[in-house]
Amino acid sequence: MAKANPKVTPLSDGPDWTFPLLEAYHQEIRRVADYYQLDTYPNQIEVITAEQMMDAYSSIGMPLGYHHWSYGKKFIQTEQNYKRGYMGLAYEIVINSDPCIAYLMEENTITMQALVMAHASYGHNSFFKNNYLFKTWTDASSIIDYLLFAKEYVSRCEEKYGISEVEDTLDSCHALMNFGVDRYKRPQKISMEEEQKRQQEREEYLQSQVNQLWRTIPTKPSVESTQRQHFPSEPQENILYFIEKNAPLLKSWQRELVRIVRKISQYFYPQKQTQVMNEGWATFWHYTILQHLFDEGKVTERFILEFLHTHTNVVSQPAYNSQHYSGINPYALGFAMFTDLRRICETPTAEDKEWFPDIAGAPWLETLHFAMQNFKDESFISQYLSPKVMRDFHLFAIVDDAKDPSLEVAAIHNQQGYQTVRQMLSAQYNLSQLEPNIQVYDVDISGDRSLRLRYIPQQGIPLAPDSTNEVMKHLHRLWGFKVSLEQQNEDGSITELSRCPAA
Amino acid sequence: MVHFIDRRLNGKNKSAVNRQRFIRRYKQQIKKAVSDAVSKRSVTDVDSGESITIPNKDISEPMFHHGKGGRREMVHPGNDQFSQGDRIKRPDGGTGQGSGKGDASADGEGSDDFVFSISKDEYLDLLFEDLELPNLKKNQLDKLVQYKQVRAGYRAEGVPSNIDIVRSLRGSLARRIAMSAGKRRELAELEQELALLQQDPVPDQHRLLLIQDQIKQLKQRIAAVPFIDTFDLRYRNYQKRPEPTSKAVMFCLMDVSGSMDQATKEMAKRFYILLYMFLSRSYKNVDVVYIRHHTQAKEVDEQEFFYSQETGGTIVSSALKLMKQIIDERYDAEQWNIYAAQASDGDNWTDDSPLCAQILRSQLLPLVRYYAYIEITPRAHQSLWQQYETLLPEFEHFAIQPIRDVADIYPVFRELFKKQAA
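Residue numbers (my numbering), protein chains in the order written: chain A, 1 to 503; chain B, 504 to 925.
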């Protein structure tokens, strides 16, 4: 740590904060962030109380959510846990919007506020603005408007059709929320007014389309041997989208609800894919920015010690056999990887030169920005996880095969294992492997209108039976006719897993 | 470029609606939890809320997710002992290393039940939803009123102890001003004239004397206005206002003869708890009188009521007589809302049953607001029940219900107190 410059008067280290002091800290943080070329949306920083934080928390960070019991459940849970001291509250919540909204909690000291500003308003913010996934999948400028639209639409529906009706539809949509995502097709950007206007048109148009599809009076195929046309012609992974467009009996407002849930799911999809990177990036920058301020003598030692204490907690990684262990801490892994990237650029070792010939010795800031912009967790890890980080974390890979009575250590953090560990860790963040692969396979359009889904297992992992039947009931509610789910086995045979109604 | 916004004063309860939605949705489960919780309470404990437990599976939000089995690869940190190719025993329960971490998240964590607290009001509301006190409307105005002295302004007559000093003095001041204002004005005019006259180099002596004389007279008359007059006095006024009494007494009558075992008593206890909570929602203070009986009746405390062992035969009328006696001594039916709940297994000395019915008919039922008899027995009804049945057509505020097991109590209670269709 460099000695503080005696000529610079440091900012007050509180511990209490005031608005002018926040301004002063923010100004310094912004100056440093500019120096490191962090490109951000404008910031909007809101000071809230702990209770409001719990509110925000329980609506998955959405500043405006439609009303639903599941958020109430989440709120009660959060409140219980908080009151019993099982958990502290998140220090910050930040919303991917333009301007980028970050929440500061009233109870925090000025040190924590500065940390949060650097972390959320510059770290996360620049990530939201520049990462390719967010750029492609979300539209920060319209999300608040859209959420507002959704909230109003849902409450209008509740007035018109009753709370229970709306709740039923939303429940069913929530059950399929993870399958309401386009993984490959890019959504379009539209503004609030357009959304409203188009919603009207869509209602009319959709209904007419659906009618078109189902209008055909079933006729016997003229030639028996004719292969029946599949509908949809290709399997579709976005089940909610398929339902919105094709479910025969949904009313137009229900279609709109399906759409709302689907849109929100889509909005959060990139966040699920970039946890490690996003948190790592934000953590790296709060650390770097505040250290920079300390080196300049802008902040006191008391400040930096309190900061380091918190920071260390944030990036701690309990070992696999610790009672606190609950998987790999994305803050820890992300922070370690970005820090290590900088080290590889600045002081590469022979090992780094062998593993990362492109970036060893390259300018670090550019390399980091490039890494932040062009990857998601899965590819980021497979590209940049260095042997040093694996050694630091003592990573080891376990293969758990149900056929095998014991677990096998597939690889550890040594020369032979680096590649395997890296590849397996990367796969661990591959969402398409984490979520079951279920697609809309076929609809019997000329027959009983039954809908068939197909589950294709990977690595022989079965679908959990307990909740599957429940989800199928929800699907049935949306589709309105028979629904079934089948599994395509490795040998190509098909087994039926579930159907609703059961008979 | 940055906006700081202070949102602390904004509404806190953004999630209140969502919480209500949650309670609304799980009302059935919550109600069940609430009625289960009744038995754990003491009869008179109504001030606390209740912590509600709902099985997690009932409120889980289903999702498609992977189940156990198949081949999984997981990377874990903190290797301290393993080398490549090591084989490890599969850990139980999936904690620590090993499998299961991947799919636990979608499942909702673990299998702990979902526990949360509801406030006292929410608790009682849920417990007694759609219930109402019987016969309240009919009797409320003509009967069960007590009079309360309330202040009702001021009046001109009264007893000295009720004199309101401030009001009286204010009246006095006003009267004095009113009575002397004209004279004071005259006085001021005369004094002014006098001053002018005195300045005159050659004063008109005659006029001067006249004015001085008038001034003197005026001053005397002003001084003669009394400081206080009976006219000024104001007395605090009190009126009697009829108020529906908020006092209630609940008689718990129970057979403790040899045929009543502890389980039956527990069932009765739950019924009494429900009744007490229900009454205390409507009345500010509820007294509870416990009367137990075998061949003789005795007033006891809660502990003894529920847990002391007795043997012997059964004469129900002894308890009814004691209840009448206690009402006469301590609980004037004009001032107290009297409720009674009698629990028994139906056994009675056969010759006594007609007497019971008669005591009820002539002495007790006219006094009480509601009398509930619950018979806790799986067997056929006996003479007491049959005698009581004859009372039913005459008295609307008399009810009898059989209870077979614990699960019946709450439904029976609801049946007894259900809101009558208007």
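In short, the hints are calculated from the structure, not lab data. These figures come from a predicted structure and were not determined experimentally. Incorrect hints may appear among the rest.
Said to hold, decoys possible - Simulated DEER-style distance windows between Cβ atoms:
| no. | chain 1 | residue 1 | chain 2 | residue 2 | range |
| --- | --- | --- | --- | --- | --- |
| 1 | A | LYS251 | B | ASP790 | 23 to 33 Å |
| 2 | B | PRO558 | A | ASP168 | 14 to 24 Å |
| 3 | A | GLY480 | B | HIS884 | 50 to 60 Å |
| 4 | A | LYS251 | B | ASN559 | 52 to 62 Å |
| 5 | A | GLY480 | B | SER622 | 54 to 64 Å |
| 6 | B | VAL520 | A | GLN275 | 25 to 35 Å |
| 7 | B | SER554 | A | ALA50 | 20 to 30 Å |
| 8 | B | ARG907 | A | GLN199 | 50 to 60 Å |
Note that the Cβ used here is the ideal one computed from N, Cα and C, for glycine as well.
Structure-based check of all given hints:
Distance hint check for LYS251(A) and ASP790(B): the Cβ-Cβ separation is about 58 Å, which falls outside the suggested range of 23 to 33 Å. The hinted range of 14 to 24 Å is satisfied by PRO558(B) and ASP168(A), whose Cβ atoms lie roughly 21 Å apart. The hinted range of 50 to 60 Å is satisfied by GLY480(A) and HIS884(B), whose Cβ atoms lie roughly 52 Å apart. For LYS251(A) paired with ASN559(B), a C-beta distance near 33 Å fails the hint of 52 to 62 Å.
A beta carbon spacing of about 41 Å between GLY480(A) and SER622(B) contradicts the range 54 to 64 Å that was offered as a hint. The hinted range of 25 to 35 Å is satisfied by VAL520(B) and GLN275(A), whose Cβ atoms lie roughly 30 Å apart. For the pair SER554(B) and ALA50(A), the supplied restraint of 20 to 30 Å holds, since their beta-carbon distance comes to about 22 Å. The given range of 50 to 60 Å is respected by ARG907(B) and GLN199(A), whose C-beta atoms sit roughly 57 Å from each other.
Checked against the numbered hints given earlier, the structure breaks hints 1, 4 and 5 and satisfies all the rest.
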